[in-house]
Amino acid sequence: MSDARPVAPDLFVAASDGARLLAGRCRSCARHHFPASPVCPYCGADGAAAEPVGPTGRLWLWTVVTTRPPGYRGTLPYGFGVVELDRIGLRVVTRLTETRLGHLHAGQPMRLVVETLCADDDGTPVEAWAFAPEGEA
Amino acid sequence: MRPVYVTGVGLHAFGRFPDASLTALGMVAVQRALAEAAIGRGGFQAAFCGSVYGGVATGHKVLTALGLSGVPTVNVEAGCASGGAALALASAQIASGACDTALVFGLEKMPRGMIRSSFFEPWREEAGLAATPAYFALRAQRLMRESDVRAEDLAAVSVQNHLHGVHNPYAMYRKPIGAEAVLASALVCDPLRLLMLCAPNEGAAAVVLSSRPGDAPPVRVLAAVLRSHLPGSVLGEHTPLAGLADDASPTPSEMAACVAYEAAGVGPADLHVVELQDTDAARHILSAEELGLCPRGGGGAWVRGGGGSMGSRLPVNPSGGLLSKGEPLGASALGQIVELAWQLRGAAGARQVADARVGLAHTVGRGANACVVVLRAG
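Protein chains in written order, with the numbering used here: chain H, 1 to 137; chain E, 1001 to 1378.
It is worth saying that the hints were derived from the structure and are not from the lab.
For each residue, glycine too, the CB sits at the ideal point set by N, CA and C.
Be aware that a few hints might be false.
What the hints assert, rightly or not - Here are the in silico distance ranges between beta carbons for each label pair:
#: 1; chain 1: E; residue 1: G1346; chain 2: H; residue 2: D10; range: 53 to 61 Å
#: 2; chain 1: E; residue 1: A1035; chain 2: H; residue 2: R5; range: 51 to 59 Å
#: 3; chain 1: E; residue 1: T1064; chain 2: H; residue 2: A119; range: 16 to 24 Å
#: 4; chain 1: H; residue 1: A119; chain 2: E; residue 2: A1098; range: 53 to 61 Å
#: 5; chain 1: H; residue 1: D46; chain 2: E; residue 2: S1312; range: 34 to 42 Å
#: 6; chain 1: H; residue 1: D120; chain 2: E; residue 2: D1148; range: 20 to 28 Å
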């Protein structure tokens, strides 16, 4: 088994107290965006810097995906939704670890985790971020 | 600005046609529209073709096969609004005097299954974040939470559009369905069930626009407006971008409708028939709200009161909508224009809306793009 690879670089990082997302923060309008880009998608200003954000938030919208979408090799079903990060209010389209609809509700406290999505042909695990209900992470 | 008339329309049925090439579908629609406009080679000075999955020079291939090449030909991609975007470009050419007659057509052969879109970066696909119906589901959930729209209302929309589609020979699904069947169909992405979602499919549509009316009863294009989303309003149009915000900014559909109403000199109260985007049943309700057919947040009450049904004050999707016809992306917006032209000419047969004189067509899709077209008889 080789070392895991992230599904894409510069999306998330591991920290001693859990994972963090790498969000961009605009120097001009001060808003956060994710994934990070040097150009703010809200005001167009250049020079945004990436900074770690999270790991906690509130569940805003959710559903469960039961049919394999194009290009996806992971397990089914999987949770999918939008989590609003605490303090900064950034909303992130995200995987959810919970797949039981009855166990998800609006405003539910959520915590960022890194999970294994699938493996490449050579056995390399592929990792992505997800949010889990607080207390289950 | 000169007036713009619809002088010819043509459709190839929407459905699945494994034995016909994409080009063949387009040829049928174009031939029908040109025949109705009574023009051929030399009869139009520009062509605009909407397609999303067609690949390189989709429109050129159709015109080449028909011996009609030579005119400036532009292929237009704007997601679900591709055909509307093509129409808006052609309409502006005629209004400005750049040309007298233009051919607009759209065609598509959608792959089966969940739509694959280059809109999503490969890593989003790999992470399972390119699940199109899941975005529809999030939008539907938001609509239901922020208003009193219920699952029964979503079912009622599907029932209504399928009932309309029974009378449309160009639709893919022509059988009435009951609310129980909709609510019992497979859960695709909560709260959306299989019979609340339209099927991607195949088809073609064509429209001839001209600065002068033709032999068919005249239909005028009063407005053809395209808009894209403002920063931060992205989730409302089911397309993720870098970050999300919950601004109170207007959606592309609201922006396009506002400009189209002003340009056409009409409002929602002046409309007699509407064809709107119903990719899913919640989108149908949200579209009605965004177009001002009912109050914002009043979509649930609108549906429960029979809003949009045949015989109501303002019938919506008499063609059966995308829920009945299916959605060939590049053709769907022009399919609406063809339907409205028939409605405004009084030529819609068993699905005719009585005394229809002013019609509105609406599409919205990935990008996010929205197009609103207002047509008037005479």
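Hints and how they fare:
Restraint check, E/G1346 to H/D10: a C-beta distance of roughly 60 Å satisfies the suggested window 53 to 61 Å. About 58 Å separates the C-beta atoms of E/A1035 and H/R5, a value consistent with the hinted range of 51 to 59 Å. For E/T1064 paired with H/A119, a C-beta distance near 47 Å fails the hint of 16 to 24 Å. Our hint of 53 to 61 Å for H/A119 and E/A1098 holds, since their Cβ atoms are close to 56 Å apart.
Checked against the hint of 34 to 42 Å, the C-beta distance between H/D46 and E/S1312 comes to roughly 52 Å, which is inconsistent with it. Distance hint check for H/D120 and E/D1148: the Cβ-Cβ separation is about 48 Å, which falls outside the suggested range of 20 to 28 Å.
Violated hints, listed in ascending order, are 3, 5 and 6; each of the other numbered hints is respected by the structure.
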